[in-house]
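**Student:** The lines below spell out each chain.
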Amino acid sequence: MDNKKYNRCITLCTVMVMSMIMMVTNTACFGEEPAYSEADIETATLHVGDPEAFFYQMTDSFKTVMSTDTAIVFVVRGNADVTALGPVFTLTTGATIVPANGSIHDFSGGPVGYTVTSQDGKWTRRYTVSVIPTTHTVADTLYYNFEHYELETANQHYYTWHNLLPDGSLGNDWATANEGFRMSMGSARPMDYPTTPLLQGYEGSAVCLTTRDTGPFGRMANKRLAAGNMFLGTFDVRIAMSDHLHATRFGLPFASRPDHFTGYYTFEPGEFVQDFYGNPIVGRVDSADIYAVFYRNHDAAGNEIVLYGDNVLSSEQIVAVADLGYVEPTTQWKAWNAKFVYREEIDENLLANRGYSLAIVFSSSSAGGSFTGAIGSRLCVDKVCLICTKEE
Amino acid sequence: MLAAITAMGIQATVLDSLHVDIRLGYSLGGTLPTHIGHEIRGINNFDPGLNFTVSAEATLPLKNRWGIHTGLRYETGGMDVDSRVKNYDIEVVRGDESLSGMFVGNVRIKSTQRRISLPIQATYDLSESLRLRGGLFMGWLTHRRFWGWAYNGYLREGTPVGAKVEMGSEPGERGDFDFDSSMRIMQWGLDVGADWQFHSRWGLFVELTYGFSGLFKSDFHSVQPLRPMYGTIGLAYRIK
Numbered sequence: 001m002d003n004k005k006y007n008r009c010i011t012l013c014t015v016m017v018m019s020m021i022m023m024v025t026n027t028a029c030f031g032e033e034p035a036y037s038e039a040d041i042e043t044a045t046l047h048v049g050d051p052e053a054f055f056y057q058m059t060d061s062f063k064t065v066m067s068t069d070t071a072i073v074f075v076v077r078g079n080a081d082v083t084a085l086g087p088v089f090t091l092t093t094g095a096t097i098v099p100a101n102g103s104i105h106d107f108s109g110g111p112v113g114y115t116v117t118s119q120d121g122k123w124t125r126r127y128t129v130s131v132i133p134t135t136h137t138v139a140d141t142l143y144y145n146f147e148h149y150e151l152e153t154a155n156q157h158y159y160t161w162h163n164l165l166p167d168g169s170l171g172n173d174w175a176t177a178n179e180g181f182r183m184s185m186g187s188a189r190p191m192d193y194p195t196t197p198l199l200q201g202y203e204g205s206a207v208c209l210t211t212r213d214t215g216p217f218g219r220m221a222n223k224r225l226a227a228g229n230m231f232l233g234t235f236d237v238r239i240a241m242s243d244h245l246h247a248t249r250f251g252l253p254f255a256s257r258p259d260h261f262t263g264y265y266t267f268e269p270g271e272f273v274q275d276f277y278g279n280p281i282v283g284r285v286d287s288a289d290i291y292a293v294f295y296r297n298h299d300a301a302g303n304e305i306v307l308y309g310d311n312v313l314s315s316e317q318i319v320a321v322a323d324l325g326y327v328e329p330t331t332q333w334k335a336w337n338a339k340f341v342y343r344e345e346i347d348e349n350l351l352a353n354r355g356y357s358l359a360i361v362f363s364s365s366s367a368g369g370s371f372t373g374a375i376g377s378r379l380c381v382d383k384v385c386l387i388c389t390k391e392e
Numbered sequence: 001m002l003a004a005i006t007a008m009g010i011q012a013t014v015l016d017s018l019h020v021d022i023r024l025g026y027s028l029g030g031t032l033p034t035h036i037g038h039e040i041r042g043i044n045n046f047d048p049g050l051n052f053t054v055s056a057e058a059t060l061p062l063k064n065r066w067g068i069h070t071g072l073r074y075e076t077g078g079m080d081v082d083s084r085v086k087n088y089d090i091e092v093v094r095g096d097e098s099l100s101g102m103f104v105g106n107v108r109i110k111s112t113q114r115r116i117s118l119p120i121q122a123t124y125d126l127s128e129s130l131r132l133r134g135g136l137f138m139g140w141l142t143h144r145r146f147w148g149w150a151y152n153g154y155l156r157e158g159t160p161v162g163a164k165v166e167m168g169s170e171p172g173e174r175g176d177f178d179f180d181s182s183m184r185i186m187q188w189g190l191d192v193g194a195d196w197q198f199h200s201r202w203g204l205f206v207e208l209t210y211g212f213s214g215l216f217k218s219d220f221h222s223v224q225p226l227r228p229m230y231g232t233i234g235l236a237y238r239i240k
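Line by line, the protein sequences are chains A and B.
Numbered per my numbering, the first sequence spans residues 1 to 392.
Numbered per my numbering, the second sequence spans residues 1 to 240.
One should not assume that every hint holds.
[Claimed, not checked] Covered by chain A, according to a simulated footprint, are these stretches of chain B (three or more residues, beta-carbon under 8 Å): (1) 71–84; (2) 180–187.
[What the hints assert, rightly or not] Computed spacing ranges between beta-carbons, pair by pair: (3) A:Gly278 <-> B:Phe46: 29 to 37 Å; (4) A:Gly121 <-> B:Ala122: 36 to 44 Å; (5) A:Pro34 <-> B:Leu136: 34 to 42 Å; (6) A:Ser314 <-> B:Tyr26: 33 to 41 Å.
These are calculated hints, taken from the structure and not from any lab test.
All residues carry an ideal CB built from backbone N, CA and C; glycine is no exception.
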């Protein structure tokens with residue numbers, strides 16, 4: 001009898017354990033691996049017979065394409081033949097491209113369109129590829145008046161700016177960290193972003209940089225503020241969260257010798273400066289940044305160099321800096337004139353071959369890179385003028 | 001007066017046959033997804049945690065081997081799961097802000113809960129010492145935490161063709177989330193068990209609990225549906 005009871009109990013326990021195992025295993029079966037949904041061009045390469053005669057710099061033949069970019073631009077020598085070129089792309093896994101990867105096209109009539117479709121067939125992205133022969137008829141003086149801005153085309157969440165090119169078309173030389181701000185404050189309206197237009201600037205529109213609170217996500221990540229910034233270069237949102245100082249890629253190739261740069265600003269520091277942890281720093285007044293850096297854009301080994309948030313003023317690649325230094329608070333438009341102080345002679349051959357880059361940087365909080373500053377600090381900038389030394 | 005005496009008499013008879021015991025159990029399982037979608041590509045680590053149950057429970061035998069069973073339980077539950085995901089729809093909400101999109105990488109989810117629950121079960125005696133139980137439970141969470149982070153991967157913001165944002169492994173570089181306030185306070189579900197009275201005072205029990213209500217409120221879609229699901233094994237000491 002006892003034995004029978006014992007057996008029953010064993011049976012019962014086994015049933016219980018079995019059903020538990022069934023419950024757990026039922027949850028632990030992995031379905032078939034889903035197809036990839038992404039449809040990006042990740043890199044683009046132009047292979048040509050004589051690259052030295054075609055490109056200013058060998059590295060110009062290869063482009064890493066940011067996820068937010070849909071216009072791929074190759075700048076080539078003025079006399080380069082662009083009528084039959086077959087750019088080669090690397091795509092996200094499984095994606096396909098039309099027209100075919102490597103197919104030959106004539107780029108002399110303007111950009112060529114490509115469409116990438118994801119492996120699962122559900123998503124597509126359209127790209128344009130331009131190959132632009134460029135000669136160095138750079139004007140002695142470049143004007144940046146911030147009159148050309150628009151809501152970003154993909155989602156219209158924030159403003160982006162264009163510079164006016166000598167031929168009257170619009171360039172994309174100015175970058176901001178607005179896309180990064182969007183990650184933390186998706187609900188913000190365009191005028192609540194760190195970088196916004198100011199309708200009535202010194203002359204026409206100006207650009208306004210405001211140090212903003214990054215809200216609950218910012219607090220969670222100990223990134224409590226976002227300084228308003230604007231710079232010549234690109235913003236790589238891919239690493240805005242994981243490596244924010246490298247997301248700001250300062251500088252674009254520049255083929256003239258900058259001498260000084262001028263402009264007009266207003267600056268009103270925010271009420272109190274807060275540190276990384278959001279604690280007020282008593283007695284400190286926020287400071288803004290207005291400076292320009294001219295640097296060699298390749299290292300000794302021939303690798304392409306851009307400057308980042310952590311070395312834009314300290315890199316050994318730097319050739320000259322024009323720094324306004326202390327940006328005196330003012331509510332009235334105030335003119336500045338900052339001269340480039342050269343640390344070494346310019347190599348004219350390198351200059352002609354786009355071997356130098358120029359970064360102009362504005363920020364509403366100097367220490368914004370370490371998330372220190374005063375929320376509400378506001379730097380407005382207008383009528384920026386870059387004067388280059390006339391070539392003899 | 002007569003009615004009252006009669007009622008007391010019945011009550012006394014009922015109380016005579018009532019068994020009461022104190023139970024201590026160890027729970028395995030915790031909070032599990034109802035199914036694992038194909039977005040989950042692998043489990044790096046799963047730790048159900050050290051979860052226990054303390055309860056006072058009473059059984060009232062009625063007739064023909066049948067009876068009813070109830071009690072008051074205090075239970076802890078939780079989990080710590082680290083999984084690899086692909087094309088995982090994720091929405092991170094904090095305050096009024098949200099960030100959503102498709103994530104590829106690793107997701108760590110941690111949860112702890114403390115619950116008071118009230119089971120109501122029918123019992124059936126297989127023999128004098130062996131009893132099966134089955135019924136429903138109601139539970140109230142007295143403590144609820146659900147948090148975690150998406151890490152070592154990337155988010156495509158909004159859709160798979162949105163901006164690509166990489167997430168690292170350190171706080172501030174990864175995508176932290178915290179869904180405490182989206183958890184249900186009340187839970188209910190199915191509860192089946194068995195008791196083996198191997199000694200006049202001591203018994204063993206097993207229990208299987210399956211929540212009908214999800215861990216989260218019905219308007220919450222940030223992570224896949226999860227529900228309380230666990231097995232308990234433990235000792236019972238009869239005090240009456």
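**Student:** Each hint should be assessed against the structure and marked as holding or not.
**Tutor:** Hints, verified against the model:
A count of 0 residues in the stretch 71–84 of chain B with a Cβ less than 8 Å from any Cβ of chain A is obtained; the coverage claim is therefore unmet, three being the minimum. For the stretch 180–187 of chain B, the stated coverage by chain A is not satisfied: 0 residues place a CB nearer than 8 Å to a CB of that chain, which falls below the threshold of 3. Evaluation of the 29 to 37 Å hint for Gly278 (chain A) and Phe46 (chain B) yields a pass: the beta carbon distance comes to about 36 Å. The given range of 36 to 44 Å is broken by Gly121 (chain A) and Ala122 (chain B), whose C-beta atoms sit roughly 53 Å from each other.
Taken as a hint, the range 34 to 42 Å holds for the pair Pro34 (chain A) and Leu136 (chain B), whose Cβ atoms sit roughly 37 Å apart. At about 59 Å, the CB distance of Ser314 (chain A) to Tyr26 (chain B) disagrees with the hint of 33 to 41 Å.
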